[in-house]
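What follows is the residue order along each chain.
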Amino acid sequence: MTCKEMQYLLNAYSDGELDLISSLDIEQHLPDCIACNRLYQNQQTLKAALKSSDLYFQPPADLQKRVQAVLRKPEVTPTSSLRPNRRRWLVMAASLSGIMLIAWSLGRILSLPSADELLAQEVVASHIRSLMPGHLTDVVSSNQHTVKPWFNGKLDFSPPVEDLAANDFKLVGGRLDYLNNRSVATLIYQRRDHYINVFIWPSSANAIEKAQNLSRQGYNILHWTRANMTFWAVSDLNTTELGDFGRFFQNVVGFTPIYQSQ
Amino acid sequence: MQFEEQNGVKRFEQTVLPHLATAYNLARWLTRNEQEAEDLVQEAYLRAFKFFDSFRGPSSRAWLLAIVRNCFYSRYSKKGQDMTIVFEEELHGGLSEDLNPEILVLRSVNNQLLKTALEELPVEYREVIVLRELEELSYKEIAELAGIPIGTVMSRLARARKRLLQRLTNDSSREASFDL
Chain A
1 MTCKEMQYLL NAYSDGELDL ISSLDIEQHL PDCIACNRLY QNQQTLKAAL
51 KSSDLYFQPP ADLQKRVQAV LRKPEVTPTS SLRPNRRRWL VMAASLSGIM
101 LIAWSLGRIL SLPSADELLA QEVVASHIRS LMPGHLTDVV SSNQHTVKPW
151 FNGKLDFSPP VEDLAANDFK LVGGRLDYLN NRSVATLIYQ RRDHYINVFI
201 WPSSANAIEK AQNLSRQGYN ILHWTRANMT FWAVSDLNTT ELGDFGRFFQ
251 NVVGFTPIYQ SQ
Chain B
1 MQFEEQNGVK RFEQTVLPHL ATAYNLARWL TRNEQEAEDL VQEAYLRAFK
51 FFDSFRGPSS RAWLLAIVRN CFYSRYSKKG QDMTIVFEEE LHGGLSEDLN
101 PEILVLRSVN NQLLKTALEE LPVEYREVIV LRELEELSYK EIAELAGIPI
151 GTVMSRLARA RKRLLQRLTN DSSREASFDL
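Sequences listed follow chains A and B, in order. Under this note's numbering, read the first sequence as residues 1 to 262, first letter to last. Under this note's numbering, read the second sequence as residues 1 to 180, first letter to last.
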């Protein structure tokens, strides 16, 4: 990212609205760049000033009474006697609320869980199941050359397997799992007492998808698509460390990190 | 009948009246005038009451703010005044200004100056600052409330802050309240 892009994203960063990976980039960049750092400090000063100063206008004391009085006027209440012009108004109101009802039900239909949301739920369920005794690994090894061939003949693809012990994410082993209506490869990594499950399967989309992070039931999820493979990492690790993991993993398996920017 | 009416008013008052201060603050920043803000709040409450049956959560606060905003825009776009038209830079190639390597560090902000600077912002920029910094709404809530994409919320906030900072550094340079 250039400084210009960085400074544009600084706003969302200060507001806590920036995705994890871009946030980490900004945190790495800030100590090294005077211009970005100053802009960041200025934004913080501005934000603090906007919050602390008396910019919030309080309503006059009697406004509430006046509003209540207006609401209680007889011609305001929707159910009062029907004069002709009132009837016309009612018909308009009825059709308007009809339209709003349709819009609302459409909204309901559209807000049904998306494919990604369902997948996120499946990923978390698989992660929880794997943590039950005896379910974590099918092949126990910290050696990538043991784990990778183990998948041969069990899957119709060969997942990338790398040990990240150098980055303090130890490869624990591999497992077969069933997600998104297919068999998938699962790699298990460990940092301290936290396990990370990485689910991998070939992606139908040829596209490079930006890394996205989610949180479900207290677990953090990071998913991305690269080189025709889809990756979903899930853990009870905090978002920062899971973000680190995502970066190391992508670096080691030969993909450059991807940024999500708006 | 009489009883039902009173019940309806009560239910409305319990749900929406607690947001009076929020509604007034937004109205005051949009109109920049006490009297007009009061009128706008009353109009918004009346409209909210009429359409209360169509309200389906989750947030009655965001719903009321959206109505305040709609009342404001329909009122003032008719009169054709107070509507500073903002050139939508996001449609024309993003932040085009070059970086200024000599960005000054603000140490403190003069309250009165900040108030004036915010009041002078075009209304599209002013409202995102008020909704974000004073009402503490998320980008998503602002996007839904104003009917604009989240990306536009982000770019408007970026430009609004940039203008505020430019204004504050220019003005305060005379008072030498920053670090060279």
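Keep in mind the hints are simulated off the structure, nothing from the lab. A hint or two may mislead.
Derived CB-CB ranges, DEER-like [as the list claims (entries may be wrong)]:
(1) A:106 - B:39: 29 to 37 Å
(2) A:98 - B:112: 47 to 55 Å
(3) B:50 - A:251: 28 to 36 Å
(4) B:21 - A:168: 17 to 25 Å
(5) A:227 - B:112: 56 to 64 Å
(6) A:90 - B:33: 50 to 58 Å
(7) B:151 - A:52: 37 to 45 Å
(8) A:202 - B:108: 43 to 51 Å
(9) B:54 - A:227: 21 to 29 Å
(10) B:21 - A:98: 47 to 55 Å
(11) A:44 - B:58: 26 to 34 Å
Okay, derived cross-link-like pairs now, EDC-like style, lysine to aspartate or glutamate, Cα gap no bigger than 20 Å in a straight line [said to hold, decoys possible]:
(12) B:140 - A:62
(13) A:73 - B:43
(14) A:47 - B:119
(15) A:65 - B:43
(16) B:10 - A:62
(17) B:162 - A:162
(18) B:140 - A:117
(19) A:65 - B:13
(20) A:51 - B:36
(21) A:65 - B:34
(22) A:73 - A:54
(23) A:65 - B:36
(24) A:170 - A:156
(25) A:51 - B:120
(26) A:51 - B:135
(27) A:65 - B:120
(28) A:73 - B:53
(29) B:10 - B:36
(30) A:51 - B:119
(31) A:73 - A:62
(32) A:47 - B:135
(33) B:162 - A:5
(34) B:10 - B:43
Listing some non-contacts, in silico: residues in chain A with all C-beta distances to chain B over 10 Å [to be verified]:
(35) 24
(36) 28
(37) 101
(38) 152
(39) 236
The C-beta atom is built at its ideal place from N, Cα and C for all residues, glycine as well.
Now the hints, each set against the structure:
1. A:106 - B:39: 29 to 37 Å: Given range 29 to 37 Å: holds, Cβ gap about 34 Å.
2. A:98 - B:112: 47 to 55 Å: Holds - the Cβ-Cβ distance for residue 98 (chain A) and residue 112 (chain B), about 50 Å, lies within 47 to 55 Å.
3. B:50 - A:251: 28 to 36 Å: The hinted range 28 to 36 Å is violated for residue 50 (chain B) and residue 251 (chain A), with Cβ atoms some 59 Å apart.
4. B:21 - A:168: 17 to 25 Å: violated (50 Å)
5. A:227 - B:112: 56 to 64 Å: Holds, at about 57 Å.
6. A:90 - B:33: 50 to 58 Å: violated (34 Å)
7. B:151 - A:52: 37 to 45 Å: violated (29 Å)
8. A:202 - B:108: 43 to 51 Å: violated (57 Å)
9. B:54 - A:227: 21 to 29 Å: Since the Cβ atoms of residue 54 (chain B) and residue 227 (chain A) sit about 49 Å apart, the hinted range of 21 to 29 Å is violated.
10. B:21 - A:98: 47 to 55 Å: violated (33 Å)
11. A:44 - B:58: 26 to 34 Å: Since the Cβ atoms of residue 44 (chain A) and residue 58 (chain B) sit about 31 Å apart, the hinted range of 26 to 34 Å holds.
12. B:140 - A:62: violated (33 Å)
13. A:73 - B:43: Between residue 73 (chain A) and residue 43 (chain B) the Cα gap is close to 14 Å, so the pair holds against 20 Å.
14. A:47 - B:119: Holds, because 16 Å separates the two Cα atoms, which is no more than 20 Å.
15. A:65 - B:43: holds (14 Å)
16. B:10 - A:62: Holds, at about 19 Å.
17. B:162 - A:162: violated (45 Å)
18. B:140 - A:117: Answer holds: residue 140 (chain B) to residue 117 (chain A) is near 18 Å, not above 20 Å.
19. A:65 - B:13: Roughly 11 Å between the alpha carbons, so the hint for residue 65 (chain A) and residue 13 (chain B) holds.
20. A:51 - B:36: Cα-Cα ~25 Å, so violated.
21. A:65 - B:34: holds (17 Å)
22. A:73 - A:54: violated (35 Å)
23. A:65 - B:36: holds (17 Å)
24. A:170 - A:156: With a Cα-Cα distance of about 26 Å, the restraint between residue 170 (chain A) and residue 156 (chain A) is violated, given a limit of 20 Å.
25. A:51 - B:120: Holds, because 18 Å separates the two Cα atoms, which is no more than 20 Å.
26. A:51 - B:135: Cα-Cα ~10 Å, so holds.
27. A:65 - B:120: Roughly 32 Å separates the two Cα atoms, so the pair is violated.
28. A:73 - B:53: holds (18 Å)
29. B:10 - B:36: Violated, because 26 Å separates the two Cα atoms, which is more than 20 Å.
30. A:51 - B:119: holds (16 Å)
31. A:73 - A:62: holds (17 Å)
32. A:47 - B:135: holds (13 Å)
33. B:162 - A:5: holds (14 Å)
34. B:10 - B:43: OK: residue 10 (chain B) and residue 43 (chain B) at ~18 Å, within 20 Å.
35. 24: holds (19 Å)
36. 28: Holds, since 19 Å exceeds 10 Å.
37. 101: violated (7 Å)
38. 152: holds (44 Å)
39. 236: The assertion about residue 236 (chain A) holds, with a minimum of 25 Å to chain B.
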